[in-house]
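Q: Chains as they are written, first to last, in my numbering: chain S, 1 to 69; chain Z, 70 to 279.
Check each hint, because a few of them may be wrong.
[Stated by the list, open to error] If you only want the chain Z side, here are some residues facing chain S, beta carbon under 7 Å, derived:
1) Tyr-196
2) Thr-263
3) Trp-270
[As the list claims (entries may be wrong)] Far from chain S, by Cβ distances over 12 Å, these chain Z residues were calculated:
4) Val-85
5) Glu-99
6) Ala-136
7) Ala-150
8) Val-152
9) Ala-156
10) Glu-161
11) Pro-207
12) Asp-210
13) Pro-211
14) Glu-226
15) Ala-248
16) Ala-252
17) Pro-268
18) Ala-269
These are computed hints drawn from the structure, not numbers from a lab.
Ideal Cβ placement from N, Cα and C applies to all residues, glycine included.
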Amino acid sequence: VSPKRSEAEEIIEHADASLLEIIDHVLNKGVMVQGEAMLGVAGVDLVYLRLSVLLCAADRLLEPPGRKR
Amino acid sequence: VIGLYAMVSGPLDGAVGASGEPLREVRCGELRLLVGAAPPALSPESLRAHEAAVRGIADACDACLPARFGSGAADDDELRARVEPRALELLEALALVRGREQMTLRVQEAALAVPLEPLPPGPGARYLEERRRARRLPELDPLRAAVAALVRAERIERQGARGLLASIYHLIDKGTADAYRAAVAKVDGLRVVTSGPWPAWSFAPEVAAP
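Only chain S is shown next, with the shape it has when bound in the complex (with noise of 0.2 Å):
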């Protein structure tokens, strides 16, 4: 697991729900951070779990965000 990777995972593990549309939005399609790719990848899928758990009912909130590409 890389620095980068770790930063992203606490930034979308720790989002509202806005910035979770602002992160779709504005990363969505695989752009680079400073040369880094993994946001476009893992990242883009943690972003839909992450999601998805928050834009689902209360009682499925506990929703693990397991799956990874």
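Since the structure of chain S is provided, determine the placement of chain Z on it from the hints.
A: Just chain Z now, with coordinates in the frame of chain S:
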């Protein structure tokens, strides 16, 4: 290193970047590339700042293709070299987004209540029908129909994640977001989260990739 914010057509004065720096224009044929300081480190604040800067640009001009966070190049020449081969595609995309903005819908899988036609009995026909449905998501047809008059372009991403069926990105004319929201709210049988209007993030071709 320079950071790329957006590609625009037409003149634009007074645009500022994520740290408030004035943006300058790099010309590449008819394309105007708005560049500023090198992309900052990734953080929630830097993501929000980039989005806000692009939003400012999109609000101030007629046609804006946002550049994703982290886009940039070593210098103007390198940026031009990356953009030039895609200039035609980018000009077409600029024409598409002119005077328009984006709405985003998150459609939840768990909430689906739209009745579907039963699958055909034969295994071959059933397989083909399942594949057809997987591609075009017929569950979303009532939603599509409700906003069809307002939508100028559409992108749908089926989501594999549990709880989220699909993300739908719609390009609408500027100023019609309220009508769009009202039309979405009238659709029964789907749980949908609407956000926007946004700059046309999902209709901008990728540029300035390494």
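Q: If a hint holds in the structure, say so; if it doesn't, say that too.
A: Hint check:
Annotation: interface hint on Tyr-196 (chain Z) violated; nearest CB of chain S at approximately 26 Å, more than 7 Å. For Thr-263 (chain Z), the interface hint is violated, since its Cβ never comes within 7 Å of a Cβ in chain S; the closest pair sits about 11 Å apart. For Trp-270 (chain Z), the shortest C-beta to C-beta distance to chain S is roughly 4 Å, which falls under 7 Å, so the interface hint holds. Distance check for Val-85 (chain Z) against chain S: the nearest CB is about 17 Å away, which clears 12 Å, and the non-interface claim stands.
With a minimum CB-CB distance of about 23 Å to chain S, Glu-99 (chain Z) clears the 12 Å threshold, and the non-interface call stands. Once the 12 Å rule is applied to beta carbons, Ala-136 (chain Z) is inconsistent with being away from chain S; the minimum gap is 8 Å. With a least CB separation of 17 Å from chain S, Ala-150 (chain Z) remains clear of the 12 Å interface cut-off, as annotated. Against chain S, the non-interface label of Val-152 (chain Z) holds: every CB pair exceeds 12 Å, the least being about 14 Å.
Non-interface call for Ala-156 (chain Z) relative to chain S: holds, since the shortest CB-CB distance, roughly 19 Å, exceeds 12 Å. Against chain S, the non-interface label of Glu-161 (chain Z) holds: every CB pair exceeds 12 Å, the least being about 17 Å. Distance check for Pro-207 (chain Z) against chain S: the nearest CB is about 21 Å away, which clears 12 Å, and the non-interface claim stands. The beta carbon of Asp-210 (chain Z) is kept farther than 12 Å from every beta carbon of chain S, the shortest such distance being approximately 21 Å.
Remark: the non-interface label on Pro-211 (chain Z) is consistent with the geometry, its nearest Cβ contact in chain S lying 19 Å away (cut-off 12 Å). For Glu-226 (chain Z), the non-interface assignment is contradicted: its Cβ lies about 9 Å from the closest Cβ of chain S, within the 12 Å cut-off. Non-interface call for Ala-248 (chain Z) relative to chain S: holds, since the shortest CB-CB distance, roughly 21 Å, exceeds 12 Å. At roughly 20 Å from the closest C-beta of chain S, the C-beta of Ala-252 (chain Z) stays outside 12 Å, upholding its exclusion from the interface.
Residue placement check: Pro-268 (chain Z) does not keep its beta carbon more than 12 Å from all beta carbons of chain S (closest about 8 Å). For Ala-269 (chain Z), the non-interface assignment is contradicted: its Cβ lies about 10 Å from the closest Cβ of chain S, within the 12 Å cut-off.
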